[in-house]
Amino acid sequence: MDMKSDQEFMDLSDAYIRGELNIAEAMEFENYLSTHEESYSRFKRHQEFVEKLKAYDQRNKLKEELDKVHKQYDIAVLTQITKRPVIVRLWEKYKINALVAASVAILAVFSTLWVTGFYSKDDRSQYMALRRDMNNIQQNVKAQNALITNINRNKHGIAAPSHYGATGFALSSNGYVMTTYHVIKDADSVYVQSNQGNSYKVKVVFTDPAYDIAILQIVDQEFKDLGTLPYTFKQSPADVGEEVYTIGFPREEPVYGRGYLSSNTGYSGDTLAYQVSIPVNPGNSGGPVLDHRGNIIGVINSKQMETDGAAFAIKSDYLLKAIAEIPQDSLEKKIALNKKNMLGYLSRTEQIKKVQDYIYMIKVY
Amino acid sequence: MNKVERRTLTDDNDLVEGLRRGDPSLLERLYKTFFPTVTRLVLNNGGDIDDAKDVFQETVLVLYDKVSIGDFNLSSKLKTYIYSVSRNIWLKKLNKKGIFSDIADYVEKISTDDDIERKRELDLQFQMMESALLRLGEPCQTIIRDFYMHNLSMQDLCDKFGYTNPENAKTQKYKCLQRLKRLFFAQ
Chain V
1 MDMKSDQEFM
11 DLSDAYIRGE
21 LNIAEAMEFE
31 NYLSTHEESY
41 SRFKRHQEFV
51 EKLKAYDQRN
61 KLKEELDKVH
71 KQYDIAVLTQ
81 ITKRPVIVRL
91 WEKYKINALV
101 AASVAILAVF
111 STLWVTGFYS
121 KDDRSQYMAL
131 RRDMNNIQQN
141 VKAQNALITN
151 INRNKHGIAA
161 PSHYGATGFA
171 LSSNGYVMTT
181 YHVIKDADSV
191 YVQSNQGNSY
201 KVKVVFTDPA
211 YDIAILQIVD
221 QEFKDLGTLP
231 YTFKQSPADV
241 GEEVYTIGFP
251 REEPVYGRGY
261 LSSNTGYSGD
271 TLAYQVSIPV
281 NPGNSGGPVL
291 DHRGNIIGVI
301 NSKQMETDGA
311 AFAIKSDYLL
321 KAIAEIPQDS
331 LEKKIALNKK
341 NMLGYLSRTE
351 QIKKVQDYIY
361 MIKVY
Chain A
1001 MNKVERRTLT
1011 DDNDLVEGLR
1021 RGDPSLLERL
1031 YKTFFPTVTR
1041 LVLNNGGDID
1051 DAKDVFQETV
1061 LVLYDKVSIG
1071 DFNLSSKLKT
1081 YIYSVSRNIW
1091 LKKLNKKGIF
1101 SDIADYVEKI
1111 STDDDIERKR
1121 ELDLQFQMME
1131 SALLRLGEPC
1141 QTIIRDFYMH
1151 NLSMQDLCDK
1161 FGYTNPENAK
1171 TQKYKCLQRL
1181 KRLFFAQ
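These protein sequence lines map, in sequence, to chains V and A.
The numbering of the first sequence is our numbering, which starts it at 1 and goes up by one.
The numbering of the second sequence is our numbering, which starts it at 1001 and goes up by one.
It should be emphasised that the hints constitute simulated quantities derived from the structure, not laboratory data.
Even for Gly, the Cβ is constructed at its ideal location relative to N, Cα and C.
Lysine to aspartate or glutamate pairs mimicking EDC-like chemistry, simulated, CA-CA at most 20 angstroms apart:
| hint | chain 1 | residue 1 | chain 2 | residue 2 |
| --- | --- | --- | --- | --- |
| 1 | A | K1032 | A | D1054 |
| 2 | V | K61 | A | D1023 |
| 3 | A | K1093 | A | D1114 |
| 4 | A | K1170 | V | D14 |
Residues from chain V that face chain A, not an exhaustive set, calculated with beta carbons under 8 angstroms:
| hint | residue |
| --- | --- |
| 5 | D11 |
| 6 | F49 |
| 7 | V50 |
Input sequences plus hints: build the corresponding full structure.
In structure tokens:
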């Protein structure tokens, strides 16, 4: 095959690319290319250029076509797509996912709580109010009781069994006694018994379940004015580490308990109470907590089980607050709190001697 | 929000095949199916409806380039691919305007930088081709277009341009092509 000129070669190339050659011609051209390297690369360059021209044309056609389609396209439909905040768009898109996720989360939380026994366990299981259940004690000492039944009968007749015992202390000289609310909450009747052994009937004049405070009034005819009380309420907060003591009735006799103020908060961070490190037992509830000068800083109301020496006392601030809340008009006699402390310079034993006359055993029936 | 119709892989394949052939009816379907998504993307990120049109058409061209070299295999949903490309293009456009923002969308995306880059290179080549053709002047430009793009035969060219015999037409076409090549490669 003889190539006279470049033009002839290009014409042939075009015809070959366009498939206008017959089989014999095409084969002849291919043969020629395979034997002439320079011509082959010339052909390749030409082919590429032609393809580029075609691609250019197709790109333009496609653009035109797109424009045409775009013109037919109903833009009005799209005007509905207004700008909305990301959160709305996300919500629309993931509504189902979010709802499913939320319900799974809720289910997981509650089933976990249920499985781990959260609901069966009382949150306050470690918390123990310190009233003394007399029935328990009575059962325990049934044998002894049986021995002295005769004597009892002679003395008291058939006495209804007392349910609970606790401690209280004189709030004022005219017969007001403070104790804790949980002691007297289910009471039919309440008596207080002084250190001298005198028992008086009292009525409940004020309760504050939130602060666990109750104020009783001795209504017995035989009750005589106590005279000036030896102790006062501490107005300012007490300090951690301060030495404190209490006197209470965990049994039939007053029991002295000594310790220190160990924390400014009570059970589970309860700010109404102090934690005091005094060994206390059921029956101590309602006992005053006094500092070394004989100021009442709080009232014992509970302790934490399985923890040694963690008792809780309602802070004196809240006691005073509760007293201030009592509508004075509703009282027969005014509650006159003692202002003058008479224990400040006494030794501990002297203090106890003075104080214990104003501390009562509370008996709840 | 329009409920996006659940589409199967077969639909995606049809659309890709239609695009390869340049089938106008499938182009319409492509528009109907994906334009709202892209419009929402652009409108919600500081663009208007014309921006949306540009972005979408460019996206279709990117897809077309990919499809025409046979590189496109449907490893992901077509919608994911189109969204990714459009998002990328719109971010680049915003970038050019000096807005450096991100589109927070929490949608599945795939990397499309290579595809967009390929289209950009082709665009450059086509621009060169265009300017070469424009400078070629008449009747050369029309002869080249008719012969190489519209596949007219030599006889058609003779009739159209009044050449007395096909040899003259061939010579004319050859001269025009040589000039075009010179113009194109001179750039």
